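Participant: What follows is the residue order along each chain.
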Amino acid sequence: AQKVTQAQTEISVVEKEDVTLDCVYETRDTTYYLFWYKQPPSGELVFLIRRNSFDEQNEISGRYSWNFQKSTSSFNFTITASQVVDSAVYFCALLIKAAGNKLTFGGGTRVLVKP
Amino acid sequence: DAGVIQSPRHEVTEMGQEVTLRCKPISGHNSLFWYRQTMMRGLELLIYFNNNVPIDDSGMPEDRFSAKMPNASFSTLKIQPSEPRDSAVYFCASSPVGSNTEAFFGQGTRLTVV
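Chains A and B, in that order, are what the protein sequence lines are.
Just so we're aligned: 8 in my numbering is position 8 of the first sequence, and the numbers increase by one with no gaps anywhere.
Just add 1000 to wherever you are in the second sequence, counting from 1, and you've got my numbering.
Next comes chain B alone, as it looks inside the complex (with noise of 0.2 angstroms):
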């Protein structure tokens, strides 16, 4: 398996414009999982899906943020308009069923804001 594979890997943005992040999890994996990651706040988890269906999304720091899981394999983290606090690196995560399991990360996707 290819693991979970993000796009992009860097994106470069002007303020007000709009992010659309992606995400492949593992195949056969049931949980997904949007981290970010800065110097100030460290990695924190912004939203997860089991089954596709949003579980938590008590991290996503604002309504300028949305994530969608449209099925098993996709999902996406959009930035509506963007600002350069977004300025972090965006990981994904997936996980099989069950929660005593590790969670397989991406590469991550740096995202600048200028």
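Pulled out of the complex, with its shape left as it was, chain A reads as follows (with noise of 0.2 angstroms):
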């Protein structure tokens, strides 16, 4: 069975600060996906970044940040330089090829970015 934790339920910063959220993830499975996703106030869920077991590389956009370390099964997100447009719902998920194309999701970190 796959599980997806975000052990941090919320994370409150000021603008400008830097905010990492963890993700730990657990698979039997060598190859699958791991995905965040945005939920910001308004409530639709945006699409973040996708990640295959086989890739590695850290992955920069923009002031968003993304470091995958299959050693420590960690899926790990940094937001640089935070605004209060980042504040919202954030999810991380993981895909098992094996299993299909359904997604099992973390419980979500809330940031909170303040002005």
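Quick caveat, the hints were computed from the structure, so don't treat them as lab data.
The model shown is predicted, which means the values in this text are computed figures rather than measured ones.
You may find that some hints are simply not true.
Using 30 angstroms as the maximum straight-line C-alpha spacing, the simulated DSS-like pairs for lysine-lysine come out as follows [as the list claims (entries may be wrong)]:
hint : chain 1 : residue 1 : chain 2 : residue 2
1    : B       : K1078     : A       : K3
2    : A       : K38       : B       : K1024
3    : A       : K97       : A       : K3
One side only, chain A facing chain B, incomplete, derived with CB under 7 angstroms [what the hints assert, rightly or not]:
hint : residue
4    : K16
5    : G100
6    : G107
Here are some chain A residues pointing at chain B (derived, C-beta under 10 angstroms) [to be verified]:
hint : residue
7    : Y37
8    : Q39
9    : P41
10   : S42
11   : R50
12   : F68
13   : V84
14   : V85
15   : F91
16   : A99
17   : N101
18   : K102
19   : T104
20   : G106
21   : L112
The C-beta atom is built at its ideal place from N, Cα and C for all residues, glycine as well.
Two independent chains are provided; combine them into the complex using the hints.
Facilitator: Below is the structure:
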């Protein structure tokens, strides 16, 4: 069975601070995909990034960066120089290729960026 | 493309009534998912379809819930009879062929059963 754990339920920062969201996953499969989604106060789920299990390269996209480490089964997400618009709930998710297309979500981390 | 379209956006109904949620996936996507989001359980998959065929409905809570996908551009999730504990946000998502692609989510239907 697969599982995604986001230990931080809520993080509060002041604008311009960096914030790192932790994600730890569990699976016995060797082929899998990891995702991050953002859920702003308006409620929709917005895709941010996808990573497959064979690609451990870190990625940077603007103020967002992701650190994937198979050795620790972690896929952490950092927002650099946070802005008020970053306030949202962020979900990490796991997809096991052998189990079909379904996503297993973590519990989410609520990020509150104060001006 | 307009993205995944769900209707209604909000639904308030009385306990015991039938509720039907609707979803139009992105054109060309052949996988469709229904998720439910609650404070207690977070985001959980209810059922998903590939090429209009239900593949995994193990997340459907009980017989009161049913889902159909009569064609590639439409799906429904029905609750009959509804109960207060069904109150949640229901998301529909779709993805293209292959299991390595992200799912695109609709804006959700907020259901309140009173």
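Participant: Now, for every hint given, state plainly whether the structure supports it.
Facilitator: Hints, verified against the model:
{"no.": "1", "hint": "B/K1078 x A/K3", "result": "holds (28 angstroms)"}
{"no.": "2", "hint": "A/K38 x B/K1024", "result": "holds (22 angstroms)"}
{"no.": "3", "hint": "A/K97 x A/K3", "result": "holds (14 angstroms)"}
{"no.": "4", "hint": "K16", "result": "violated (30 angstroms)"}
{"no.": "5", "hint": "G100", "result": "holds (6 angstroms)"}
{"no.": "6", "hint": "G107", "result": "holds (5 angstroms)"}
{"no.": "7", "hint": "Y37", "result": "holds (8 angstroms)"}
{"no.": "8", "hint": "Q39", "result": "holds (9 angstroms)"}
{"no.": "9", "hint": "P41", "result": "violated (13 angstroms)"}
{"no.": "10", "hint": "S42", "result": "holds (8 angstroms)"}
{"no.": "11", "hint": "R50", "result": "holds (5 angstroms)"}
{"no.": "12", "hint": "F68", "result": "violated (15 angstroms)"}
{"no.": "13", "hint": "V84", "result": "violated (22 angstroms)"}
{"no.": "14", "hint": "V85", "result": "violated (18 angstroms)"}
{"no.": "15", "hint": "F91", "result": "holds (7 angstroms)"}
{"no.": "16", "hint": "A99", "result": "holds (8 angstroms)"}
{"no.": "17", "hint": "N101", "result": "holds (5 angstroms)"}
{"no.": "18", "hint": "K102", "result": "holds (5 angstroms)"}
{"no.": "19", "hint": "T104", "result": "holds (8 angstroms)"}
{"no.": "20", "hint": "G106", "result": "holds (8 angstroms)"}
{"no.": "21", "hint": "L112", "result": "violated (17 angstroms)"}
Hint violations for this structure: numbers 4, 9, 12, 13, 14 and 21, all remaining hints satisfied.
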